[in-house]
Amino acid sequence: MSTHAAHTVAVRTHGVDMFFGDGETKVTALKQADFEANRGELIMLVGPSGCGKTTLLSVIAGTLTPQTGTVEVFGQRLDGLSQEELTTFRRKHLGFVFQSFNLIPTLTVLENVMVPLLIQGAAHDEAVAKARAMLEKVGLKGREYGQPNALSGGQQQRVAIARALVHEPSLLICDEPTSALDKDTGAQIMQMVRDLSRSPERCVVVVTHDHRIFRFADRIAEMEDGRIRRVVEDASLLDTNHL
Amino acid sequence: MYRLALNMLFGDRAKLAMLLCGLAFSALLMAQQTSVFFGIMSWTYTPVYNIRAPIWVSDPMVEQANDAKPMRDTDLYRVRSVDGVAWAAPLHTSFLQARMQDGNFKLITMVGIDADTFAGAPAVLSQGLIEDLRLPNTVIVDEWGAQLMGRVTKGPDGKDVVIPLKVGDTFEVNDLEARIVGICKVRRAFTGGPFVYTTYDRTKLYTLGARRTLSFMLVEPQAGVDPVKLCARIEADTGLKAWTSDTVIWSWSDRSLARNTFWWFWKNTGIPFSFGTAVALGLFVGIAVSGQTFYSFVLENLKYFAAIKAMGAGMGVIARMLLVQAFTAGLLGFGLGVGMAQAIGRAMIEKGMPPFIMFPQIFWATLALVLGISLVSAIIGIIKVSRVDAATVFRG
Ligand SMILES: Nc1ncnc2c1ncn2[C@@H]1O[C@H](COP(=O)(O)OP(=O)(O)O)[C@@H](O)[C@H]1O
Ligand SMILES: [Mg+2]
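Chains as they are written, first to last, in the numbering used here: chain A, 1 to 243; chain B, 1 to 396.
Treat the hints loosely; a few may be bogus.
Subject to a maximum C-alpha distance of 27 Å in a straight line, what follows is the list of computed DSS-like cross-link-like pairs (lysine-lysine) [claimed, not checked]:
id, chain 1, residue 1, chain 2, residue 2
1, A, Lys-26, B, Lys-384
2, B, Lys-384, A, Lys-92
3, A, Lys-92, B, Lys-303
These aren't lab readings, by the way, just hints derived from the structure by calculation. Everything numeric in this text was worked out from a predicted model, so none of it was measured.
Model the full structure from these sequences, guided by the hints.
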């Protein structure tokens, strides 16, 4: 806690190796991946398909445990935690936005947003109140009792953002949040992520292919073959042909 | 969270309908088939219902109520002299051919009752008076029998119409006239019927002077005498067999004539087997349909359960969600199925065919079965969800 880094670093992976299967079919998804994200930062992970972005995101999110290396999220070491401990960690500290929204179609919009609160054991009424307030923030007031499938893609992703932030997680994880959306909607969504999640106590990691949203990033980490190739602050410095 | 689990279940009406159909079908088959089975089996001890008496006495070799091994008339006096017997009345039953007015022969069950006491007489007459049986050559026929023995003619539309027998009609048994003086209501039987009641003495004429006509004796204990104890005394004193007339087939009393009759048919006929096969097949289909539907419900929701898992729900919570879903569907399906079974049963009772008895045991067994199916489905779902990696949520 005494060093400057301890105050600013939100996520750090060091020397992470992750492979799937073994023998003939062994696939190395991450090799010696070193990654850092700071508090208050929106960082993007970019790179060609199959370079390991989703895998790294899963490792940071505690849904995958790497074979080697250390993972630290808001001062908590994830490597070495049991499945239960990881589950508890995710419940308290993580918010997720998925490429395919992953909203439960048989529940109402409001109920979908309530899920993280209910998982935390919140009382029903309290969850309703918080979810309503959050839906208002993402501009979906009046849509609470509709079905997610009745909404447009952009609206659905806004519901997902509300769900990801309703329990005020420290780390917001977004995997290709705009790839199912058109350009303008994607930009709106990123604007919203940025506006709502900007906080010195929070960190946002966004995996994307979508260069149209690079401008929303504070920094961009470029991945290649399972490791971070370089980190840039300005998207124009990226070799976009490479993506 | 459980409220949401229920909303997830109710959110997909089509799936829910399928699931409920499967469960209701299992419950219906189980409840319906077993109730009909017990209904039909209850026909086997119909005599015990129709002929009310606290104690029945028979030849020691008799095993069940439809089995008559006639005794000597003198046995009646021996039974009457047993301590604790208030009265004992003779009863005759036999299968005979009746020759109808149009010359057709019909198989009937003749029941001869004591003309002094009318012990064993049908409880309800829809036409006529029981006392008229004391007139010469008279009989009382049961309603359904009157229909079976009725005359078939062509109606105005050319279709066959049955004109049931009525008071005043006659037929012949062994060339002796039988004149109907009453129509009674009795329960249908598995073997036997139409039931033709006459007096015990007259059965000797109708059976052309059979040497022995005493099929059973109906015994009333003196006030305060325990029927079971009296049965034992009758057996000890006379060497005959004495039965109680309770109709609780689940009882352990091996003196119950109804119970012995039921289990005799259980052991000696293929009825339980064929019903058992039908029930088992139905259950198999029901379990397959509902298990399969719940499984596909889980599969369809698997990615959402994975997302919930990723968001930090432990397997305990997810397991309970699945159990809530499965048991709710189970209870609803059970209610529907048993309700339908009851409705069908009622309709069938109204038509008089086939019989339907839903014992509480059937109700509870069906409930247990449906909840069992739910539990198994839930467990399969839980295993499925527990195997899914939370990391899969990131994969398209
Ligand atoms: N569960 C898995 N089993 C086997 N191979 C996997 C699995 N997940 C990812 N991979 C492989 O790991 C590599 C990195 O995948 P991924 O992290 O999804 O890349 P990206 O998200 O950058 O497209 C790919 O070669 C992929 O095929
Ligand atoms: Mg990916």
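Do the hints match the structure? See the list:
no., hint, in the structure
1, Lys-26/A / Lys-384/B, "25 Å, holds"
2, Lys-384/B / Lys-92/A, "25 Å, holds"
3, Lys-92/A / Lys-303/B, "21 Å, holds"
Hint compliance for this structure: no hint is broken.
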